[in-house]
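Peer 1: Sequence:
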Amino acid sequence: MKLRFSLIIFPLAIFLTDYCWARRIRISDFPFSQKLITIHDEEASSTERIHLRVSIAKVFQDWGKYPEAITYYSQAIELAKAIENRGYYIEELLARSYENRGKCKWALRQFEDGIDDIYHAIDGYIQIEQYPKTWQIFKEYETLYTSWLKSDQGPEYLTAGISLLRKILPLLEINAETLGISDPENFLGRRYIYIAMGYRKIGDFHNAGKMFQKAGEKLKEKNPLLAMVNFLGAGECFQKAKESNYAYSAYLEVKGILLPLEQSEQLPEMLEKLQKHLPLLILMLDFLKEKFPNREEKFIKKLEIWINSIRE
Numbered sequence: 003m004k005l006r007f008s009l010i011i012f013p014l015a016i017f018l019t020d021y022c023w024a025r026r027i028r029i030s031d032f033p034f035s036q037k038l039i040t041i042h043d044e045e046a047s048s049t050e051r052i053h054l055r056v057s058i059a060k061v062f063q064d065w066g067k068y069p070e071a072i073t074y075y076s077q078a079i080e081l082a083k084a085i086e087n088r089g090y091y092i093e094e095l096l097a098r099s100y101e102n103r104g105k106c107k108w109a110l111r112q113f114e115d116g117i118d119d120i121y122h123a124i125d126g127y128i129q130i131e132q133y134p135k136t137w138q139i140f141k142e143y144e145t146l147y148t149s150w151l152k153s154d155q156g157p158e159y160l161t162a163g164i165s166l167l168r169k170i171l172p173l174l175e176i177n178a179e180t181l182g183i184s185d186p187e188n189f190l191g192r193r194y195i196y197i198a199m200g201y202r203k204i205g206d207f208h209n210a211g212k213m214f215q216k217a218g219e220k221l222k223e224k225n226p227l228l229a230m231v232n233f234l235g236a237g238e239c240f241q242k243a244k245e246s247n248y249a250y251s252a253y254l255e256v257k258g259i260l261l262p263l264e265q266s267e268q269l270p271e272m273l274e275k276l277q278k279h280l281p282l283l284i285l286m287l288d289f290l291k292e293k294f295p296n297r298e299e300k301f302i303k304k305l306e307i308w309i310n311s312i313r314e
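Just so you know, we're using our numbering here: the sequence shown kicks off at 3 and counts up by one.
Hint data in this document are derived by calculation from the structure and do not stem from the laboratory. There's no promise every hint is true.
[To be verified] In silico BS3-like pairs for lysine-lysine, Cα to Cα no more than 25 Å straight-line:
hint, residue 1, residue 2
1, K293, K303
2, K244, K293
3, K203, K303
4, K135, K222
5, K67, K152
6, K275, K244
7, K216, K244
8, K224, K244
[Stated by the list, open to error] Pair by pair, the computed Cβ-Cβ distance ranges are:
hint, residue 1, residue 2, range
9, Q268, S76, 52 to 60 Å
10, I176, K83, 21 to 29 Å
11, G156, D118, 44 to 52 Å
12, G156, G66, 16 to 24 Å
13, K67, Q277, 35 to 43 Å
14, D118, P157, 15 to 23 Å
15, E306, I183, 38 to 46 Å
16, N87, K278, 52 to 60 Å
17, A178, Y90, 20 to 28 Å
Bear in mind that the values here come from a model prediction, so they are computed numbers and not experimental data. Ideal placement from N, C-alpha and C gives every residue a C-beta, glycine not left out.
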């Protein structure tokens, strides 16, 4: 019996340490993989059982057999979660399983479920202090999303990218110091801009306005110019969404940045930098004239002067 077991477990041990072995023998048959697991599990430890499933799953994933890969990653995840004191290695296998299962689900356009897996993967890598891996995953999906922004990709993909960023950003914000994010406000503000651009591209002007507003709030202390551009963008989106109160709130932020600069040398420089955003300023002016001509009379006059100076 011991000899029989050794003959079985030896090649499996090779499999566990290098899944490329599995690729050479081409374990592409799902029933055969199940039989392999059944034989192996008779004497294997919990760690070995998890590792085998992760290895088989990776083979199926590399061959593009995503449903089969998802099955084995799911088994690995359930086995790992059932262990109370997992330790570093099993935590790493768990995070890896979430990461790769998320990739498989995205490949199958199961975006919602994939987002949850990617979130758990990033959280898992943070917990075991694999920060480079955390950044690798985040940048991979952020780059994918920004490429979709520049392409003609359909709203389904943009919506998925937006949802992923919105789910992950709070996690990164909470762990900003640990992850070495030196300026969290700038980091988050710029990502909210990406999200806002996605919403605007799919025609969701309410949420686009909300995200531009949120970006402006994050940026206004250290980068008032960029903040102001975002508040102007928020005002434009809210107008398109026919939400005048929200638009007015965004424009008040612009007013709050410009008025304190009125008597300073910074104002001409600020106005010059706003030249390429002149249409947004004109849109703001027209809005205030139409909606709040009396309440904002003094500011409207100043804004007209400033806009004319930009035009000259």
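Peer 1: Hint by hint, work out which the structure violates, then give me just those numbers in ascending order.
Peer 2: As far as the earlier hints go, 3, 4, 5, 6, 8, 11, 13 are violated by this structure, in ascending order.
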